[in-house]
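Protein chains in written order, with UniProt numbering: chain A, 1 to 114; chain B, 1 to 114; chain C, 1 to 114; chain D, 1 to 114.
Heads up, some of the hints might be wrong.
Copies of the same chain look alike in the list, so a pair counts if it fits in one copy or across any two.
[What the hints assert, rightly or not] Pairs of lysine to any residue, SDA-like flavour, derived with a Cα cap of 25 Å:
hint, residue 1, residue 2
1, K108, D60
2, K108, D31
3, K108, H49
4, K108, N46
5, K108, D72
No lab work stands behind these hints: they were computed from the structure.
Number of protein chains: 4
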Amino acid sequence: MPTDAERACFEAGIKFGSLYHQFAGTPVSPDSAESLGQAMEEAIENQPHCVDVTVDVRTDRIADELAAQSADYTELTGRFLDVEMRIQYAGVTVRTAMEMEDDYPLMKLLTVEE
Amino acid sequence: MPTDAERACFEAGIKFGSLYHQFAGTPVSPDSAESLGQAMEEAIENQPHCVDVTVDVRTDRIADELAAQSADYTELTGRFLDVEMRIQYAGVTVRTAMEMEDDYPLMKLLTVEE
Amino acid sequence: MPTDAERACFEAGIKFGSLYHQFAGTPVSPDSAESLGQAMEEAIENQPHCVDVTVDVRTDRIADELAAQSADYTELTGRFLDVEMRIQYAGVTVRTAMEMEDDYPLMKLLTVEE
Amino acid sequence: MPTDAERACFEAGIKFGSLYHQFAGTPVSPDSAESLGQAMEEAIENQPHCVDVTVDVRTDRIADELAAQSADYTELTGRFLDVEMRIQYAGVTVRTAMEMEDDYPLMKLLTVEE
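Put together the whole structure using the sequences plus the hints.
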């Protein structure tokens, strides 16, 4: 049988995959970044065992992208996101984050505390 | 060759399909409805020719759904959305809306004005 | 009142926005491109007034992208898609296509025939 | 530091959240169920550490839904999906499944084997 800590980590992964694939592709600009980040936080916090989600939609990186293209908006993707989450399951607290690792938006398990 | 009015209607349709299929499936509760609606409005207003989007995420209908199920959140779908949009293309203004028609969330072309 | 041709163009736009924003962000590689394209076609053909959808997921462009990055898959986005659609509404046939125009995946209204 | 088993469970959760929220809301009918299921399998198998995904899009349940509504297609949601996945990370094999538990599509961690 999986342990509570393993179940907590599974739950943490679900939230990350959900957040990313629900919102990837959303039209985004520096002006709309804040409302999108807030909606992402509140949407995923609805999911079971999800205590806290922090999403920083990186307006600096979006602005850099827009400077190099013709349209004045782009699509949300991993390099525009810094995310932290805290999940609690059966007394286990899991902290996770997503950050760019070279060119890949890596979802990381930071700590698992019982 | 398509007319400007026809092109304006095509643009209006794109915005509606985008809004619906980007956000359908998002975890939503009465408490998170407002931030989701605002993010939907601002995201789609980024798209070309899109002047104004109004999204009312229907907390009354979400509450009714939650009363009949075990989880305390649900997934965004058409019956929780009232949407109005205004698109302008080459001097043509198109107004559109989405509302429930019996059990189907119908996207409607309201007016086309040159 | 909008004309039948205008309504047909609105319907055509809905299908394009739906296709793009439902599937943007899907993990894709040259090997999985064919099944994804077929699923996109059949999914959108379910929608009302949608007679035919052809999706070519461009494995050549995906392979170019993979050659320049560390991961062996990427996310579906407009530059990996060539799409054609035929919509019929009240006797009006609308043909549409999506292709790259410089760096932007432009959805185009090709012909409107009554 | 998280264990390899915990990391494997986190990876397994990511795949489940991705699969669900990428494809929830897709227009689906009994005729298009098979191509959608295959695309879901192949898309998620692209993700790191994902060895095998099996998706059964339940045409029986879709047919029941269509019998009770006006449209001849519906939107993909959890009750139309039976999913099994196998993830391998650093020598740990994780098996997961999604099935309906009363009215909720529960994602379950089945086994964790080192």
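Evaluated hints:
no.: 1; hint: K108 x D60; in the structure: within (23 Å within a copy, 31 Å between copies)
no.: 2; hint: K108 x D31; in the structure: neither (28 Å within a copy, 27 Å between copies)
no.: 3; hint: K108 x H49; in the structure: both (18 Å within a copy, 14 Å between copies)
no.: 4; hint: K108 x N46; in the structure: both (21 Å within a copy, 18 Å between copies)
no.: 5; hint: K108 x D72; in the structure: between (32 Å within a copy, 19 Å between copies)
Consistency note: the structure conflicts with earlier hint 2 alone.
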